[in-house]
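Asker: Chains as they are written, first to last, in our numbering: chain D, 1 to 363; chain A, 1001 to 1359.
In case anyone wonders, no lab produced these hints; they're calculated from the structure.
C-beta atoms are modelled at their ideal positions from N, C-alpha and C, and glycine is treated no differently.
It is possible that some hints are incorrect.
If you anchor each label on the Cβ, the simulated ranges turn out as follows [said to hold, decoys possible]:
id, chain 1, residue 1, chain 2, residue 2, range
1, A, Glu1233, D, Asp98, 38 to 46 angstroms
2, A, Val1124, D, Ala158, 37 to 45 angstroms
3, A, Thr1109, D, Asn194, 56 to 64 angstroms
4, A, Gln1340, D, Arg71, 53 to 61 angstroms
Derived, one-sided and incomplete: chain A residues facing chain D with beta-carbon distance under 8 angstroms [what the hints assert, rightly or not]:
id, residue
5, Leu1045
6, Ile1140
7, Ile1167
8, Arg1169
9, Lys1172
10, Glu1296
11, Gln1340
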Amino acid sequence: MDKEYVGFATLPNQLHRKSVKKGFDFTLMVAGESGLGKSTLIDSLFLTDLYKDRTLLDAQARIPQTLAIERRAVELEEGGVRVKLTVVDTPGFGDALDNADCWLPIVDYIDQQFEQFFRDESGLNRKNITDGRVHCCLYFLSPFGHGLRPLDVAFLQAVHHKVNIVPVIGRADTLTPREVHALKEKIRQQLEENAISIYQFPDCDSDEDEEFKAQDADLKRSIPFAVVGSSDIVRETKEKAFRGRAYPWGSVEVENPTHCDFLQLRTMLVRTHLHDLKEVTQEVHYENYRARCIQSLTRVGARDRTSRMKLSRQSATELPLLPLAETEKLIREKDEELRRMQEMLQKMQAQMQQSQGEQSDTL
Amino acid sequence: MHGREKTKEGSSLVPGCTSMEEKPGQPAPEETPSNAPPGTVGRELFGYVGIEAVLDQMRIKTMKTGFEFNIMVVGQSGLGKSTMVNTLFKSKVSRKPTGPGYEERIPQTMQLQSVTHVIVEKGVKMKLTVTDTPGFGDQINNENCWDPIVKYIKEQYEKYLREEILISRKRKIPDTRVHSCVYFVPPTGHWLRPLDLEFMRRLSKIVNVVPVIAKADTLTLEERAEFKQRIQEDLKAHGINVYPQEDLDDDSDDRLLNKKIRDKIPFAVVGADTEHQVNGKRVLGRRTKWGIIEVENPAHCEFPLLRDLLIRSHLQDLKDVTHNVHYESYRVQRLNESNQLAPSPAAGLLGKHEMESNL
């Protein structure tokens, strides 16, 4: 009989089983100019056909005055684990002649999701909250420029404190290895110059094995990832078939780490850092939003308090938190319901008594 | 007086043909003999006269004077404009200094930079001017970013016009007019963007616009074909006439040749200025981990087509169209303007008296 074995070492397993049963949901936003391979990459990352039936609009049709935000959801299952993946797309970003403030709808969307979660969290019924917050934003940079363009800088500065940003170089098959290296250096330098904080990989604990540490360091050095996406299978010889793009001068293998960083991106996004991305969203970005929200609201309250000195007792308790108003409403509604039900019960009881009385009469 | 119709150089037995002297930068090294225009009777010669020696005379004259060609490259930064120009003329003629460590920054406002070089091939001198447009389409708000370009082109026309209407004018008017404007479309594979459409729409009216798909090594052959088709549809739908313009075809030969070109516009090009070893030969190309893209291999990209169009077959035509069509319409517009402005010789830009004496 083990004296010192209590048994809580099985906790991780219990957690694991519970999460597997519950499933995960993950919201990924892709942003960037059109034509950089965003949709192709998403389809190849998650081996789905979310964008299969997409039709491209022509220049005339694509002049919506405001940016569209599209959501596509897909349920993925692998090894018994279910993931509900939501991809938020931003078609039309940066396509117009005048792109000033074209990122505002995106910022609004992210804030809206935070607000929704805030309300749900502060509400009465917290059992089935759907988490629509954006956990990660893959921002596609153009491989053609010389690093970040003015639009890139403006967008990143608007969202880097609201969402985890993972910068990605799209269409990287147009770059030679040396060009890839130079461009990545340039981008990293420019990100620093503009004080843009992208998603930081957490450092390994010192007790991790060497291989994991090496992999982690490798990952960090590759930011931004230079990716090529493809859902097509290239058959070079009978035995050799791979996902890739076939050109007259050779074929790019999407999953070949010497050709592009697709594997690393997939590893990072799905296999190693999915949970961390969600955690950072919850603990950092969402908390920031919540603190800002509450601060701005209480500041409003403070103003009221000083201006209406006479009603000091009232106003002190009058915390105008939106959720409270909501909850008040909910309470009132529930009360109404309860009362109605009680009334109905009484009526039914009265009826029953009547009918019993009648019966006994007849009997 | 200059002949203003678009005449074909080359031997022709038409009496009353306009004089062949002093057209600025005229005959190209290769010329096509034209058929006699319909309605004239070609006289049979019963001996060798030696008229065809005029071709040699023209050639010798051209070798002596050389000729000018002005090309403008427009497109967002990083699309390979400078590399393309270097590849086209097989020398470092672009505005970028060579060597590593060159820092490229997007300028805050668009600028126009012209660089002139004289290149010589087999005794033929060409004064090549390349005008680059760094900063085009790179800002957040790109409205009217084509204005400086339009202004520049019109300024060159104005310069030429002024020289032309002088009483005593130079024997050879320096020609700084832009003969062709190569527009670089990014290889999105989707459609032309509003910026591309707006630019080409405006500029195809005042200059020969040759659109190309830049950095086409990111598109597979099927994607290329689809993209091209969509672009052609777009151009047609918006009434944009790029070079070679359909309504300027002279005869059926022209039309056939130009139609072949028009079917392939915009050319999908890749530029490179480094050489690599392929099958024992040195070729210009780009080396990637999955293969070497040979720039001059027609199976890889359409750079040879662009080079042939701009230099080997249509260079003279580009200049002719610029002179006879675009410059003319500018000139007519200006003269009409000043006619309305200046009823008397004293006021206005050009005295009517002066104009009459020149015309």
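Asker: When the hints from earlier in the document are held up against this structure, which numbers fail?
Answerer: Hints 1, 2, 3, 5, 7, 8, 9, 10, 11 are the ones this structure does not satisfy, whereas the remaining hints hold.
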